[in-house]
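Novice: Chains as they are written, first to last, in this note's numbering: chain P, 16 to 321; chain S, 22 to 455.
There could be a bad hint or two in this list.
Claimed, not checked - Computed, partial: chain S to chain P, Cβ under 10 Å:
(1) Gly227
(2) Gly234
(3) Thr306
(4) Asp352
In case anyone wonders, no lab produced these hints; they're calculated from the structure. Think of the CB as a built atom: it goes at the ideal place given N, C-alpha and C, for glycine as much as any other residue.
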Amino acid sequence: MLNSKDLLGIKELSKEEIYLFLDTAAGFKDVIGRDIKKVPALRGKTTVNLFFEPSTRTRTSFELAAKRLSTDVINFSVPTSSVIKGESLIDTALTVQALGADFIIIRHSSSGAPHLLAKKMKASVINAGDGTNEHPTQALLDAFTIKEKKGKIEGLEIAVVGDIAHSRVAKSNIYCLTKLGAKVRLIGPPTLIPKEIEELGVGIFHNMEDGVRGVDVLMMLRIQMERQDKGFFPSTEEYSKNWGLTTDRLSLAKDDAIVMHPGPMNRGIEIVSEIADGPKSVILEQVTNGIAVRMAVMYLLAGVKR
Amino acid sequence: MNIVIRNGHIIDPSQGIDGVGDIYIESGKIKEINIKSMEHGARSTGQKPQSSDVRIIDASGLLIVPGLIDMHVHLREPGFEYKETIRTGTLAAVKGGFTTVCCMPNTNPVNDHASVTEFIIRKAKQEGHCTVHPIGAITKGQKGEELAEIGTMKNEGCIAFSDDGQPVMNSAMMRRALEYSKAFKVPVISHSEDLTLSDGGVMNEGLTSVTLGLKGIPAEAEQIMIFRDILLAELTGGRLHIAHVSTAGSVHLIREAKQRGINVTAETCPHYFSITEDAVKGYNTNAKVNPPLRTSRDLEAIKDGLRDGAIDAIATDHAPHHVDEKLQPFDMAPFGISGLETALSLSLQLVREGVLTRKELVGKMTLNPAKILGLDKGFLKPGSEAELVVIDENKEFEVKSERFVSKGKNTPFEGRILKGMPVFTFCKGKLYEL
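This is chain S alone, in the form it adopts within the complex:
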């Protein structure tokens, strides 16, 4: 099917496009982008569509942006299909405006071997609604003891390496990972947590954890490891990416490292700039996440980090769990938030608050993660695969987890009225009307 999306506000940070225009999609590829009025330098590229069998979508008043790229999700397959599958997770992604997701290796078996990588990629081709790039484990079994076959897994399709869910506690092992991965030009993603300091904690350490009688995780558990990994990146010249930044101190460390020219990038997640540890009150297990929700001071620092570029990307850390697992006493429930279907709305709030321009926000959800991962996507260019999302910035909706297509109904935003949502997502040659 050929499609014309008309009169939308097209934003593509890679080409500096930020203006109203039309996009022509032919046979799943972008045929032409026609900008009628530009805010920053006019441009018109490509040719007129040839076919007459054309679906016309009026996008007046809507945004058209490259398909969002989520560099941090848990699809749970293989091994935990009761929490999520590649099919349901990618459908949730498409519903949230994402056309590419990168899945963490903490499955069962762990994605620490090319055979598991091959399985995920094959399954994603068969059943996935969007593109899936696996992230391989740094160490075998994510145990932090022996390096996984990073080169072989990269050849099979892994685009980055992480023991996410677990830190690499052994500093020498992390050093080797940052060194060895240079040969294959893949980033090492750090789940930054000093386990001896977090020590079984279940929420942010502070007055709230004291009054709830819940074991706290100090901000320093995250910061110590970020600082260690920054120093190791400096030592080795390896490619370090910091996952799910949650504290003011972490933002400071990363900003300073960048100023010193160290090759480090970082992501945060919508929950860290939208809500605080207050969400835990009443023992709400859907607000139990690792790293934990922090304080309003941290939340503001995360926004500052997004604003000044200390934080490069927004990722969801989509971590679906079964409802029965969350229906337990707080300390027994697993960590994680089902984030794919609320991420865009929560992130658009940053534009309304003036933290980011639309173009900056789109960059942090498309081009920047693509660059970090070395993916040739995150843009709208004639001749390339059409991966895009049409967004109604003003459409409001109430978060109802029962309406999530993800199997994970674990959201701390239940009942919240959010503003801004995708109305069309186009990926893998298919138009999803949302």
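Here chain P stands alone, though its shape is the one from the complex:
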């Protein structure tokens, strides 16, 4: 059913493939809700978490997903690896493969790093975030969460708010949600939304109130403090004043709107605590669903003929 042994991005997936991931994840969500949260599906396989950027959430989520499928997991993170000795990315990955890895889960600050590995590896390469390109499993877990809450994705008005230009989460979500028929709008300062992105079939709003009005889903992005130094916005205070999600602004959305955030949150900057902890927030459910979705990804990739 899947075309590739790797999951490099949503860009490369068909609508059918996305739904296959989501449907399979639903089964695994049942599994992780049980008392015994583990299945023997991939027993004997080896997963290597190859994280070249610090990450706790995504790495832990992948680690749990791999363990609940009964694979052996090794965490290979930069400070303890030979990368600091000047070994090339390719050599590191080939070494990991020689150790017997069946899954290589990679996060790297360079866009396209997983693509480079995928060409050289027999193992399944799963992109856990590459530069400002994609974070496909995040988009899948977001779609899964929306579908679970709203019953469907097609036709929904979904706003993604924040630093679109530097966000791989935003990119993957744009590809995923537009492929599934949602109407996606991007909200943020012009410095953080590349104008060409409109060609992907999304709307652009620079005014938060206009953008939030009537949406079914609000997806808030983490604002990186260091963008301020590069002149993308003058201060986090001003950013927050103009594009932070407040209860007043949220009241412009549909009554049954849900609020999402990939984490980690800057409380009081892009989102106020009342909303993050309030009834419309599905932020913690996103975290739980992440495990089910990542189990589905690994399970399905293991079945791809090569």
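For this one, chain P is given, so just place chain S on it according to the hints.
Specialist: Okay, now just chain S, sitting in the frame of chain P:
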């Protein structure tokens, strides 16, 4: 060895020759050119060869043109011999039909001192397959802070000055360079890039850079600096040459400057009129080059600029790198394309498309760069050193980087079928059968 090349289609824009004829080479010099049928005014010069020890080459159906002059290459020696050497780079040049190359100063040490210039020239005399003219750095260490000894380096053999690879960001420094170089009648070659705008970008800015998640370089990073340097050339009356023009806006600025009578010339490279940023898709590091590959609109504008003369010359910006350097994530791989062995074929496409006549193309690869650099070459004249190339316009070949004689296998044209290639190159008294 004496050579007669017979029945070739001889093109020499300097003399208006464009017709079928024979060329006699004796002791490494052109002895006689005999035009039998001319398309534009018949002419026959020189004397019959005296010697009987003659190699006869039948060039029926082939072009005979002056040896190509590449005014922009990186030979990497001294300092980066693992990427390329003067020996391998000049052999790649000869294989590509070039008999003269001008090497940029971004070596290690930088060619910012007469001693480095002397080393390159000596090494090129010993090991070079073609003629090498070094281009000196404008500023010491290419740091843009202090002028290099332009006069001394010119005396040692530098024919132009450039901080290529780096712009001279400081406008006052660029102004001084354009002023000072007038005393020595040498051109200043601008690597036009506003570093504050390119700001670590790795490909053209646009939808493709957005969807690949790669940092973009806007066309304006190039255009702003070209416009600045044009204004400084106007202010100073200095000799400005713009390297590797890649955008539609740049062509427009240069065309307008020429119309205003400003002393500016410009070159582009085959990749800018052959491929677009689409070549980057899939994170192909062999398509990573600075300035970056642009859009189809830019590509067409470059062709227009070649057609109407806004762009004077075609240069390769041959930038060889080691395969391991390109086998990295896109943003970490170095910029550059190994261009010497594909340039002529890609440029001949301009003739097939009707962008340029054969004579115009030959001019942009021989006489025009020679004029820009003040070199007394780029022509086929009796009595002069024989530097020429015989070209089969119809011979097709598949680009296979493993067959490159250059150490740099970094080509975005891998696997492409190209048409037209040199079959003989004659230079430094030697016939290369390709």
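Novice: Hint by hint, note whether the structure agrees.
Specialist: Hints and how they fare:
no., hint, verdict
1, Gly227, "holds (6 Å)"
2, Gly234, "holds (3 Å)"
3, Thr306, "holds (9 Å)"
4, Asp352, "holds (5 Å)"
The structure is consistent with each of the numbered hints, conforming to all of them.
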